[in-house]
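K.L.:
Quick note: the sequence shown uses the working numbering, first residue 24, plus one each step.
Calculated directly from the structure, the hints in this document are not laboratory data.
A virtual CB, placed ideally from N, CA and C, is assigned to each residue, including glycine.
One should not assume that every hint holds.
The calculated DSS-like cross-link candidates involving lysine-lysine, where the alpha carbons are at most 27 angstroms apart (straight line), are [what the hints assert, rightly or not]:
{"#": "1", "residue 1": "K352", "residue 2": "K363"}
{"#": "2", "residue 1": "K167", "residue 2": "K77"}
{"#": "3", "residue 1": "K155", "residue 2": "K123"}
{"#": "4", "residue 1": "K125", "residue 2": "K79"}
{"#": "5", "residue 1": "K73", "residue 2": "K125"}
{"#": "6", "residue 1": "K157", "residue 2": "K251"}
{"#": "7", "residue 1": "K252", "residue 2": "K309"}
{"#": "8", "residue 1": "K312", "residue 2": "K236"}
Now the in silico label distances, taken between C-beta atoms and shown as ranges [stated by the list, open to error]:
{"#": "9", "residue 1": "N154", "residue 2": "A203", "range": "31 to 37 angstroms"}
{"#": "10", "residue 1": "R275", "residue 2": "T98", "range": "52 to 58 angstroms"}
{"#": "11", "residue 1": "K101", "residue 2": "I37", "range": "41 to 47 angstroms"}
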Amino acid sequence: MKQLIAKKYKRFVIYVEIFLVLTSIVLVYNFIPINGGKTTFYLSTTEPQKIIAKLKEEGYAITPIDKYVLQLIHTPEKGWYTLDPDAYYGRFLFFEHMYKHKSRRLMDVVVFAGETKEELLHRLGNDMKLNKEKLHTRYLSKAKYEEGDILAGRYTVAREADENETIDYLFDQSTEKIAALQKELLRHEPTPQAWGKILKTASVIQKESNSVKEMPLISAVIHNRLRKKMRLQMDATLNYGPYSHTVVTPERIKEDQSLYNTYKHRGLPPAPLSTVTLEALKAAIKPAKENYLFFMLTPTGEHNFTASYKAHLSNIRKFRAYQKEQLKKKEREAAKEAEKRNSKALIAIASGDKKTKNNKGVSGTVSLFRTNPSLMKKIKIDGSKVSYVRSGLVPLQEHRSCK
Numbered sequence: 024m025k026q027l028i029a030k031k032y033k034r035f036v037i038y039v040e041i042f043l044v045l046t047s048i049v050l051v052y053n054f055i056p057i058n059g060g061k062t063t064f065y066l067s068t069t070e071p072q073k074i075i076a077k078l079k080e081e082g083y084a085i086t087p088i089d090k091y092v093l094q095l096i097h098t099p100e101k102g103w104y105t106l107d108p109d110a111y112y113g114r115f116l117f118f119e120h121m122y123k124h125k126s127r128r129l130m131d132v133v134v135f136a137g138e139t140k141e142e143l144l145h146r147l148g149n150d151m152k153l154n155k156e157k158l159h160t161r162y163l164s165k166a167k168y169e170e171g172d173i174l175a176g177r178y179t180v181a182r183e184a185d186e187n188e189t190i191d192y193l194f195d196q197s198t199e200k201i202a203a204l205q206k207e208l209l210r211h212e213p214t215p216q217a218w219g220k221i222l223k224t225a226s227v228i229q230k231e232s233n234s235v236k237e238m239p240l241i242s243a244v245i246h247n248r249l250r251k252k253m254r255l256q257m258d259a260t261l262n263y264g265p266y267s268h269t270v271v272t273p274e275r276i277k278e279d280q281s282l283y284n285t286y287k288h289r290g291l292p293p294a295p296l297s298t299v300t301l302e303a304l305k306a307a308i309k310p311a312k313e314n315y316l317f318f319m320l321t322p323t324g325e326h327n328f329t330a331s332y333k334a335h336l337s338n339i340r341k342f343r344a345y346q347k348e349q350l351k352k353k354e355r356e357a358a359k360e361a362e363k364r365n366s367k368a369l370i371a372i373a374s375g376d377k378k379t380k381n382n383k384g385v386s387g388t389v390s391l392f393r394t395n396p397s398l399m400k401k402i403k404i405d406g407s408k409v410s411y412v413r414s415g416l417v418p419l420q421e422h423r424s425c426k
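Between the sequences and the hints, there should be enough to build the whole structure, so can you do that?
P.N.:
Written out as structure tokens, the structure is:
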């Protein structure tokens, strides 16, 4: 009997010891300082292990037990979080309440299609009150290509996010979208070189047109010309870097000696030109099944596509004729507007001459000159009568002689 009691007592003691040890471990774990890292950051996953890795990356003191604790309690959702490590006493409460602390102050950031990284970073710096040099440094540390790593689109960013967190978020979101696109349209994940070629093609497409309907057709022209060893001869490739939004002139085509000048050099430009949309990337990967080699702008803002150089020349002539007609139309409208201004000015002059001393009628001559003296216009002012000798001229100076 005594032996049985002794065994039970011994077992009880062991259980108590185990309980005390576990309790001690829990207490010790709970009071290990978590140390405050960044207060605002973005969680791109709901996997506990990756969440813990993100916290460690942001400067929090992490232990091997944390991921198991996070699995047992409430796992945070994807999104922006703003944490205060000192708000809760102990690690358990920190992880238990972490999911409640989503950032409340958010703002939309738009990355425009066709803009360069310099333009994007400049806007981010101004809109979010961030240091532009730090933004640029972080961008370069993440970028794989000269341009185009961040996709065009609308992004939601926490207002309290710093330079690194903002750039990391834009890159992570773009990488996620690109990975989904590659999985959808490509059999295998492309090499960096192969994806760079797709990105360059997409950037040329993006610069040539924002029409989703036309993008696969422009892509077909690019692929067909490259296959035939033809120069692309596209203005878009000259809209690189500081010339991103500069109108390409014949003089520029002659003077630019860079590899971006596809009027002089074969192949794609040496680097992507700008940010691109998913639609431009899709078009670069899947061009339309057409034999087009040329395209020309139309009065509607769309393009005419053709495989024939003769037809292409015809399209050029039609568009130039349209441009000339539009120029004449503007000149006619400007002349009419000038006529209206002249009439108002002359009537005002006549009214002013009537209001002389004692309100008596005054006879005189008003001459309105252009640079050519033969374009003189005279008005006879006699009392309340105003007679026009000629009309339709724009006055450059006025001369009045009252008799």
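K.L.:
Each hint: holds or not?
P.N.:
Do the hints match the structure? See the list:
1. K352 / K363: At roughly 17 angstroms apart (the allowed maximum being 27 angstroms), K363 and K352 satisfy the hint.
2. K167 / K77: OK: K167 and K77 at ~22 angstroms, within 27 angstroms.
3. K155 / K123: Violated: K155 and K123 sit about 32 angstroms apart, past 27 angstroms.
4. K125 / K79: holds (18 angstroms)
5. K73 / K125: holds (17 angstroms)
6. K157 / K251: violated (45 angstroms)
7. K252 / K309: Status holds; Cα separation ~20 angstroms.
8. K312 / K236: Given that 27 angstroms is the threshold and the Cα spacing comes to 14 angstroms, the pair holds.
9. N154 / A203: 31 to 37 angstroms: holds (32 angstroms)
10. R275 / T98: 52 to 58 angstroms: Holds - the Cβ-Cβ distance for R275 and T98, about 56 angstroms, lies within 52 to 58 angstroms.
11. K101 / I37: 41 to 47 angstroms: holds (45 angstroms)
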